[in-house]
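*Asks:* Since the structure of chain A is already known, use the hints to place chain B on it.
In order, the protein sequence lines correspond to chains A and B.
Heads up: the first sequence runs through residues 444 to 633, numbered per my numbering.
Heads up: the second sequence runs through residues 444 to 633, numbered per my numbering.
Worth flagging that the hints you see were computed from the coordinates, not collected in a lab.
Using N, Cα and C, we set each Cβ at its ideal position, and we do this for glycine too.
Take every hint as true, because none was put in to throw you off.
Examples of chain B residues toward chain A, derived with CB under 10 Å:
hint : residue
1    : F511
2    : S515
3    : G521
4    : I528
5    : H552
6    : G560
Protein chains: 2
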Amino acid sequence: MNYPNGIKKKFKVSASNRGMTLENEINESNIYYRNNDIAVIYKKPTPITINKVEYKNRKDAVIKEAHFNTPSTTDYNGVYKGKYIDFEAKETRKNYFPLSNVHDHQIKHLQKIRDCGGIGFIIVRFIDENKTYLLEIDKLENFLDNSNRKSIPKEYFVNNGYLINQGYNPYLDYLKIVDIIRRDNNEKIF
Amino acid sequence: MNYPNGIKKKFKVSASNRGMTLENEINESNIYYRNNDIAVIYKKPTPITINKVEYKNRKDAVIKEAHFNTPSTTDYNGVYKGKYIDFEAKETRKNYFPLSNVHDHQIKHLQKIRDCGGIGFIIVRFIDENKTYLLEIDKLENFLDNSNRKSIPKEYFVNNGYLINQGYNPYLDYLKIVDIIRRDNNEKIF
Chain A
444 MNYPNGIKKK FKVSASNRGM TLENEINESN IYYRNNDIAV IYKKPTPITI NKVEYKNRKD
504 AVIKEAHFNT PSTTDYNGVY KGKYIDFEAK ETRKNYFPLS NVHDHQIKHL QKIRDCGGIG
564 FIIVRFIDEN KTYLLEIDKL ENFLDNSNRK SIPKEYFVNN GYLINQGYNP YLDYLKIVDI
624 IRRDNNEKIF
Chain B
444 MNYPNGIKKK FKVSASNRGM TLENEINESN IYYRNNDIAV IYKKPTPITI NKVEYKNRKD
504 AVIKEAHFNT PSTTDYNGVY KGKYIDFEAK ETRKNYFPLS NVHDHQIKHL QKIRDCGGIG
564 FIIVRFIDEN KTYLLEIDKL ENFLDNSNRK SIPKEYFVNN GYLINQGYNP YLDYLKIVDI
624 IRRDNNEKIF
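Here chain A stands alone, though its shape is the one from the complex (with noise of 0.2 Å):
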């Protein structure tokens, strides 16, 4: 990726000194998995609103004003073995889960993904200790309809979300946590 003008992809570096972000281990997973045809998953663009255009024709055109807008959807999402998967990946330093880090409209999201039939869940790693988990739309719906904390503790993680494995090819194999969901619904995948 090219930021030219002096702004640079930021590099985080973890307490465990790996080097990499949540995201850019995400990112580097999807291009494995892409690169072995085992799925097609990709982070989208970032949603913005275009106030400012100079231009000759596309190729040329440069945006000289534009604004973010508030993502309506999930940072991620594509295909693995016919089935759609959605998710939204988020890093803490704390023990806990700040509900703020996720929007409303993005668990609004992952629930209409699963009424649509497929796989909706957000990834997040707990930095200090470097671990890193899956919890499904419906744990997530669960703790939120039982409680009213503004976080969700490590330990709900740890008993209701899946350990993802940690390696290097792929760096995040969250899609083996998706083939035991799928098992463990008595989905038959191909």
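*Replies:* Coordinates of chain B only, in the frame set by chain A:
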């Protein structure tokens, strides 16, 4: 959508004076599908590279310089009856479809979608007679494998694609065609 500085959303008037572009009709159909819990399908944000941002915080950030990227995937994707759906939509005023309208990597993307068990296709509208066809990636691939032409004749869409019904709720019921395709493939649709 809000395009403050004099840039307005273009509503091209088609030959039939229906007043909506294909993109608008698909977007409206997707809203209808979402509001009626039929499917969750969105147009992806325009991919851009941001060069310069002025900001105090994310909410107040103003993008001061950015460029449009060549899209590496297609415009639309989402979930319908558990299945991953992915497509590109184009209009033409000719009575053939110029292949320059679809990038090579978009065709490769649709092939990968199909190989991962998703449903990939293009939607092409022939503006002058206001007819809109859905053509599966398999059929597009067939054409490309067996021809050196730089355009696909309309007859190929008539004979190998599906005419999409244009109405009001939704404007363009392309998911009805997806049902037909899945039934033809002997899939069990829930």
